[in-house]
Every structure is written in C-alpha cells, then in structure tokens.
Amino acid sequence: MFYREAGQFRTSYAADQQLFPIRQDRLALLALLALAFVGVPLAANDYWFTAILIPFLVFALAALGLNILTGYAGQLSLGSAAFMAVGAVAAYNFELRVPGLPLLASFILAGACAALVGVAFGLPSLRIKGFYLAVATLAAQFFIPWLLVKVGWFSNYSSSGVITAQPMEILGYVFDTPAEKYLLVLTVVALLALAAKNMVRSAVGRAWMAVRDMDVAAEVIGIPIMRTKLTAFAVSSFYCGVAGALYAYAYVGTVQPEDLNLDLSFRILFMVIIGGVGSILGSFLGAAFITLLPIYLEVLLTFLAHEFNLNLAPGTTSMVQLLVFGALIVFFLIVEPLGLARLWQIAKEKLRLWPFPH
Amino acid sequence: MSAQPPAGEALLAVDDISLSFGGVRALADVSFDVRQGEIRAIIGPNGAGKSSMLNVINGVYHPQQGTVRFRGETRRRVDPHRAAANGIARTFQNIALFKGMSVLDNIMTGRNLKMRATLFEQAIYVGRNRREELAHRAKVEEIIDFLQIEHIRKTPVGRLPYGLQKRVELARALAAEPTLLLLDEPMAGMNVEEKQDMCRFVLDVNEEFGTTIVLIEHDMGVVMDISERIVVLDYGRKIADGSPEEVRANPAVIDAYLGVAH
Amino acid sequence: MQFFFEVLIGGLLAGVMYSLVALGFVLIFKASGVFNFAQGAMVFFAALVFVTLQEKLAAPFWLAFALTLAVMVLVGILTERVVLRPLVNQPPISLFMATIGLAFFIEGAAQLVQLWAFRDISPRPLALGFQDAPFDWLLGEFNMMVSRFDAFAALVAGALVAALAVFFNKTRVGRALRAVADDHQAALSVGIPLKYIWAIVWSVAGFVALVAGLMWGARSGVQFALTLVALKALPVLILGGFESIAGAIVGGLIIGAAEKLAEVYLGPHVGGGIEGWFAYVLALLFLLVRPEGLFGEKHIDRV
Chain Z
0 MFYREAGQFR TSYAADQQLF PIRQDRLALL ALLALAFVGV PLAANDYWFT
50 AILIPFLVFA LAALGLNILT GYAGQLSLGS AAFMAVGAVA AYNFELRVPG
100 LPLLASFILA GACAALVGVA FGLPSLRIKG FYLAVATLAA QFFIPWLLVK
150 VGWFSNYSSS GVITAQPMEI LGYVFDTPAE KYLLVLTVVA LLALAAKNMV
200 RSAVGRAWMA VRDMDVAAEV IGIPIMRTKL TAFAVSSFYC GVAGALYAYA
250 YVGTVQPEDL NLDLSFRILF MVIIGGVGSI LGSFLGAAFI TLLPIYLEVL
300 LTFLAHEFNL NLAPGTTSMV QLLVFGALIV FFLIVEPLGL ARLWQIAKEK
350 LRLWPFPH
Chain G
0 MSAQPPAGEA LLAVDDISLS FGGVRALADV SFDVRQGEIR AIIGPNGAGK
50 SSMLNVINGV YHPQQGTVRF RGETRRRVDP HRAAANGIAR TFQNIALFKG
100 MSVLDNIMTG RNLKMRATLF EQAIYVGRNR REELAHRAKV EEIIDFLQIE
150 HIRKTPVGRL PYGLQKRVEL ARALAAEPTL LLLDEPMAGM NVEEKQDMCR
200 FVLDVNEEFG TTIVLIEHDM GVVMDISERI VVLDYGRKIA DGSPEEVRAN
250 PAVIDAYLGV AH
Chain B
0 MQFFFEVLIG GLLAGVMYSL VALGFVLIFK ASGVFNFAQG AMVFFAALVF
50 VTLQEKLAAP FWLAFALTLA VMVLVGILTE RVVLRPLVNQ PPISLFMATI
100 GLAFFIEGAA QLVQLWAFRD ISPRPLALGF QDAPFDWLLG EFNMMVSRFD
150 AFAALVAGAL VAALAVFFNK TRVGRALRAV ADDHQAALSV GIPLKYIWAI
200 VWSVAGFVAL VAGLMWGARS GVQFALTLVA LKALPVLILG GFESIAGAIV
250 GGLIIGAAEK LAEVYLGPHV GGGIEGWFAY VLALLFLLVR PEGLFGEKHI
300 DRV
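Protein chains in written order, with numbering that gives the first Met the number 0: chain Z, 0 to 357; chain G, 0 to 261; chain B, 0 to 302.
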C-alpha cells in the first residue's frame, strides 16, 4: 500500500542509475539522515553517544572496509584490526609532528598509511587464495601491533605506554562533547559510505566482483587481476585506517595498538557475515547488531539471574556472548548467507505487495 | 598498434602449436589461419583439443612450442589481459558468468577495459564517471536489444535458465567490440529454437559488425550451415582443413568420427 | 654450542606439540576437504572436560579419558550434522567461516563449563605423571636441559602418527577415508557409506584433539589460551601441506624450532616478543614460494 512503485517510470538511463530510484526510498533516506543528524543529537544522552552510537559508527566503517575486501573482492582477511591500528598510530604521529595540519588531513593521511601497509600485506593475494590468504592476513594481525608497540618512535617514546590522543580540533572549534564527536564521526562515516557505494556501482566495483566470482573469466575479458586485488586491499585498508583513527580519537581517547587485536578482527568479520557480504547496508546492519548484542545479553542475563535466582560467576556474559556469536554465524551461513541485508531486501519485497500476500 | 589486415587476409595464424599437461599431449603441431571477417569452425571428437586451442589463442594456456600471430604480432606466450585489450573476446564451454551480479552488470564488465575514470572519480561518481557510465550503458543497451534480453537485464545471472545465460555470455563478449570472437560450444545444451536464435545472432554479429568468428561446435548441421572454413582436430592433431564440402567428404574425418582406430 | 642444541631440541619438542594439534586439522581436511578452524577450541574443550571429570567427579584416568572421548565423538558428529551437512554445496570459504563460528561457540561453551565447575578461569593443572624436569643424565653428561615431559610428548606424538599412518594406509576404513577425500561421488558409487565415514573421521579427530588437549593441558595448564595454539597450527599446515600427516609433523618441528631459535637469537636485538608473529611471517614467506607446502600436491585448474 505504501511501498508502491506504480507510476514511477524511469525514462532515461540516468534515472535508472540513481542510487535510490524509488521515491519512497529517497524519502526514507532523507528521514534517516534527518534523524541521524538532527533528531539523535537532540534526544540522546551521553551514554548513548559514547557507548553505543560512536562505536557503532566506527565499527561500521571498519566493517565497510572489510566488506569491500572480503564481500566484494572475495579476498578473505583476518587482519582488519591491524590496519585500524596503523591508522590510529599514524593519525597520532601526524597530529603530533606536523604542526598546523588539519585534523581531517591527518585522518586521510592515516588512512593512506594504512592503505600502503594493506597493499604490502595484500601482495600475497596475487599468488594465494581462500584460507591461505587468511593465514597471510593473520601474519599482518600479529606482526603489525607488535611493531607499532616495539618501535618507540611511534608512541613518542612514552614511558607509561598509554598514549592519549590529542583533542580533535577543526578551524579552532574543539570537538569534545560526546554529541560533537558523534556528529563528526557521523559525517566522516556517511561521506565514506557514499564513496563506497559509488565505487561499488562503478567499474572498480564490477571488477572486484568479477575477480571474486571467477577470476579466470575476469582476466580473459581484460580485467587486470593484480591491480584489482591490490586496489581492494588499498581501499579496504584506507577505510580501516580511518576507522582506527576515529576509534582512537573519538571513541576511546587513547592510542593503544594492542587493543586492536585478533579478537576485534574476528568481530569485524562477524559484522560482515551477519550483516551481509557484498552489501554496504549490510556493514551497518552487522555493526549495529554486534554492538548492541552484548548490551542486550547483559540485560537479559541479569534479568534471568534475578528471576531464577542463579548465581552467575563474573564474566559469564562474555562467555555467553562467544556462544551466541558463534551460533549466529553458523545460523546465518546456513539459513541466509547474504545476511541481514538480504533479509531486509526480502522484507522490502514483501512490503511492496502488502497487504496482499503475493 | 598493429595494422588491421584487409578483409580476406589472415587475421589470426597459429603455427606448430604443441601443448602438454604433464604427460598428456593436448595439441601436437597444429597450424591453421583465420581470415579477417570469416566464420571458422573447429570441430573434432571429444578430447581432440578444441577448447585447449581456443585457450592458447587468447592466452589462458601457454604452449610449449609454436606461436600465435594476431594482427601482425607474433607471440608464444599471450597474456590474456593483452589479448583482450587487442580485441579478442570469448565465451566458455561451461558458462563463465559472474554469478553474483545482474545481467546488466555482467555485460558492463565487458566494457571495463574501455573505462577511463580513476578510482577517485569513481568514488565521487558525479562528473566524469557518471558520464562514462551512462555512455557505456547506452552501448550495452544496444547489445541487450540486439540479443533480445531486455526483460532480464536486472536479474541476477545465477537465476537464469541455461540458454539465456549463454546469451548473456555472448553479450558480455560482444560488449568489448572485439575484432576476433572465440565461441566455445555456444549452442551446447540448447533446443532447436534456441539454436536457431543463436545461429542468427552469430551470423548477424559477423555480417553487421564484421567480427571474425572462430567457433567450436558439435552440431554438424550448424557447423556446415554457417561456417566458411573448418579445421578438424583429432587427438590433438589437425586432420583436415577446408570448406564444409571438402571436410565432409574427407575420409580421415569420417574415420575419426566413426572411431576407426589409426 | 650446546646452548644452541638445547634451544633447538626445546624448539623441536615444542614443535611436536604443535604437530599434535595440526594432525587434527589434517585428518578432517584429508577426509572432508573442510578446514576445521574449531580444532583448537576442541582441544581446549577436550582438556577441560577431562579435567572437570577428574577433579570434580574424582574419576580415574581411564574413565575420564573414555568419557571425554565419548563427548568429543558426540561433538564431532553433531558438528558434521548441524554445521557441515547443511553447507555441503557452499563454496569452501563459507565452510571455513562456519568453522570459525563453531570455534567461538565451543570456546564459549567450554568457558561456561569452566565457570560452572570451577568458578574461575585460571589455568587448571593436569597431571599425567611426567614432570617438566630435565633428564638428569643429559644434564650431567652434556650439560643440556631437556625436559622429560617434552620427550614424553614427542613419544606420544610419534606413536599417534604411526598409528594414524597405519590406519590410513593399511586398513579398509582408512582406504575408504582417503577415497572419500578424493572424490565423494566416486566413493559413493563404489558403495562407501558417506555418513558412516564422516562419523569416523570426526571421532578420530576428536581423539586426536583429546590427546593434544591432555598434552598441552599438562604442559601449561588447561586455559583459554589453548585455543590460540590452534592458530599456531596454521603455519604448521602451510609448511607441511594441508593433507599430509608427515607434513604436520615436519611442519610442526620446523615451526617449533624456528620460533624458539628466532626468539632466543633474534629476540634480544628487537626487544623480544617475536614468538607472537614469527611463525606466521615464516608461513607467509613460504606461501609465496611453495603454496602447496612441503608435502602437498600441486593443483591444476581446468578451464
């Protein structure tokens, strides 16, 4: 009833190529943007910003990066957190050592550094595939944080080992309240998401998917395999690098490469799998899911413990979290390998027909 | 860039091609040429090395011996990417479409070589990339029109029936506007109507665009009808080369198909 | 000089421990083509169940062993039924990711058991009767410290490998397993019952996981860190080839020795901590040179 395309004709290829060809989708997007940029800052409290919204956005960006590499280009990576670490440390060093460098320039340069490292560790992908490549990315995940911590120059020879990120300042305006940080992160993430969507529907995105689906055929029609794979690593690592910089500056406030570890890489992979491989929207859905799930589980378990008078040992929640994550991964891979994004698509298709069943 | 030979001259020539995999001899001393603008068929019993021959021509396999001469350039090892850039396109025996993409996107990948927008321009999209995308989309739509697959252009390729997938693969090959088109069993698994359609498309491509076509095909009716010259392979060797009438009457060819030991 | 040998032998023996875990991977990969990322979690789980039975229920060694083995077999069969069979037509990467999910599930389950049984997650000691003390005569004669426990582990691993080699090559069941690994359709067409085979494969893998769990648990206590050992098995497999039992042993030895030597000789120059990544970087370099591993087979793709 509401979601009808009837009467909306696309009379040019340009109209057909639009990001949101259906009018209802455009309206929904505007509403979402209004909510995100205006509604939320007015309504949410500090806890929501610092504990939920900002990490959601930061991880969504990292998931977006991994989705480009694994979901679109088909190169499995278990090292996304390592590239985040590069971004965080690089941003810190740029801010520290280049006086007067604008904050956003630091972030972009940090992303570029991560991209370079990503390409270096992506070179093996030219010879190996599948889970062999996953092992290569594991090497990155273990080596990079070790290097970032060991080489004192990166942390400015800090003796305490804790590096505090500098305050975020653009043109003299300091972003220090949670709401301000949220808006900054939101803007960066929204722009990068748009860029990702654009790349994915252009030649490079098609090249990525071709390499993912059948690289022999891709080569035969003239797609440069090496360049395509390395571009995927570069773009993906750029996104993870910027996510890492945001993680350090807008989320935790410190630069600690050891925290950006294998566990986080797995989490980001789970966001991509559950949210939907090969889907920009999926990265956001997956990030939201994985960010909110621990909170929900905590609430649920506390409630159950009260109700049934269970004496749960401390740390139970994180164990249950592992259990639930694992089960969900398997569940999604079996039932809906294309994740929440596909479920969303199916829902929209049903909505088109509503209230009719078919 | 090398010059385009005039119609009638050899566009492609393979000389003394020998190809082995480990101990298995796929091709032995095969030589033949393909003239500009003609439709050339490669036929032979199963396992004769026909697909391997196509793979050598566009660089998927590298022969141990022999050379491939295309548009005046002679090479032993052809790089598939360069072959594509030089104007060779092909279809595969087992459909090699990108199952995760729609028909339109699959065909658009055939145009990737012609797109010039940089990564940054693609990320911004508006401006040069948008213009390019629309221009190439228009070209691709012409091919979609030509092959009559408008109604499925947004369908994910994996959901299409076999016959339509073959047509989409042909469309993707045509999108590159190739000089030489290699078709590996384009009619395999099709019923009579689908074969008639496919024959018509192949002939139209040859007549309208002047594309030189090399095709592997098992259906003798089709081969005799549409090809101008035929190469016959058996156990990796060339046993006949000539017009359909010559090949049909050749005793060696008849023996090969009847399975007479030699 | 003898310090070098000491480190080398220590490394080789540590490598044997890696091999034990790698064997489990190889078994499952050989028989079903699935890379079971959850093998490490299974090692941890097996060790934990054993220790729980031993301590909480005061079960004697053989009973605890038998019961744990039964549990592992059950876990294996359930895994095959619930996780792998529904995904049988998916690309290998999906199966791999499913085993990652499975790994997390088993890890979570194992730790919950640990919390329930022992109320904390500190390492549980596991006594097998061999101390981590040096051989006295070696110490006396050559002034070298070689741990008794490590030697025992090497013996166990050797025995296990020999048993598995015999099993795969000489028995009917072993032959059937190899047939299934090669080509499911062909195996079916000669009458090999696939479902039976899967059950056997996972049971054997469970047994191997249990042995590995006992050895590792005795060496460093039963704790969550055991699952990280599984990750170390990956470089072992890359060196040795994913389908070779001999490769798992040789790969393990090389990785163990190389890691220890690097830590001792290179470590001081770069501030230590090399053991965390050396094995992976070594595997990465190896992948670039010889992707199929020392004992693996080259794949030829038909177009």
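These are computed hints drawn from the structure, not numbers from a lab.
All C-beta atoms, glycine included, are put in the ideal place defined by N, C-alpha and C.
There's no promise every hint is true.
Distance condition first, Cα-Cα at most 27 angstroms in a straight line; then the derived DSS-like pairs of lysine-lysine [said to hold, decoys possible]:
no.	chain 1	residue 1	chain 2	residue 2
1	B	Lys169	B	Lys29
2	Z	Lys196	G	Lys138
3	Z	Lys347	G	Lys138
Covered, in the sense of this in silico footprint (three residues per stretch, anywhere, with C-beta under 8 angstroms from a C-beta of chain B), are these stretches of chain Z [claimed, not checked]:
no.	region
4	99-106
5	126-140
Item checked: Earlier hints that do not hold, by number -> Numbers 3 and 4, in rising order.
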